[in-house]
Amino acid sequence: MNILAWNVQGVGSTDFRRIFRDMVNLHNPTDIILTETHLSGARAEAVIPTLGFESFVRVHSMGFTGGIWLLWHPQSIHVAPIGSTIQEFHCIIKRRTVGGSINQKVTKNHEFFIMQYQEVVKTYVESS
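Here our numbering runs 5 ahead of the position in the sequence shown, where the first position is 1.
The hints are simulated quantities; they were obtained by calculation from the structure and are not laboratory data.
We put the beta carbon where it would ideally sit given N, CA and C, even for glycine.
Mixed in with the good hints, there may be bad ones.
As the list claims (entries may be wrong) - Derived CB-CB ranges, DEER-like:
1) G88 to G46: 19 to 27 Å
2) S81 to P54: 15 to 23 Å
3) T19 to G88: 31 to 39 Å
4) Q14 to T55: 17 to 25 Å
5) G68 to N7: 31 to 39 Å
6) D27 to T90: 27 to 35 Å
7) R100 to V29: 14 to 22 Å
8) T19 to A85: 27 to 35 Å
9) H32 to S60: 14 to 22 Å
10) G88 to L31: 29 to 37 Å
Take these sequences, add in the hints, and give me the full structure.
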């Protein structure tokens, strides 16, 4: 399994789509996690199909902050979402066999996956 995780800081630009295609061609991932997409609703629904992955789940952004998208090819893996919050996503990922069926050997062919993204919190330490 080859996972590409990327803090994109916005998916709305044409530069993003070009760079995204380059990254996919270079790394050939089975699934991709995009954080800080800054896009949700109808605009996200318009962008996601242009990225070349048949399946996806997403955690909606809050205005122009946040957002997590998980994209994958269903012929390579099966993703079973478990839950999510505004900053995290939980799922079970099962690899598919050559014929495309889900491999039932759970001990070797599934992963419990957690994607968590938190904003950077600046703290200041006073020195004496």
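Okay, the hints, checked on the actual structure:
One distance hint, 19 to 27 Å for the beta-carbon pair G88 and G46, holds here, with the actual separation near 21 Å. Taken as a hint, the range 15 to 23 Å holds for the pair S81 and P54, whose Cβ atoms sit roughly 18 Å apart. The hinted range of 31 to 39 Å is satisfied by T19 and G88, whose Cβ atoms lie roughly 34 Å apart. Under the hint 17 to 25 Å, the C-beta atoms of Q14 and T55, about 18 Å apart, fit the expected range.
Checking the proposed 31 to 39 Å range against G68 and N7 shows it holds: the Cβ atoms sit about 32 Å from each other. Taken as a hint, the range 27 to 35 Å holds for the pair D27 and T90, whose Cβ atoms sit roughly 31 Å apart. Evaluation of the 14 to 22 Å hint for R100 and V29 yields a pass: the beta carbon distance comes to about 19 Å. A hinted range of 27 to 35 Å for the beta carbons of T19 and A85 is consistent with their spacing of about 34 Å.
Evaluation of the 14 to 22 Å hint for H32 and S60 yields a pass: the beta carbon distance comes to about 18 Å. A hinted range of 29 to 37 Å holds for the C-beta pair G88 and L31, which are about 32 Å apart.
Checked against the numbered hints above, the structure breaks none of them.
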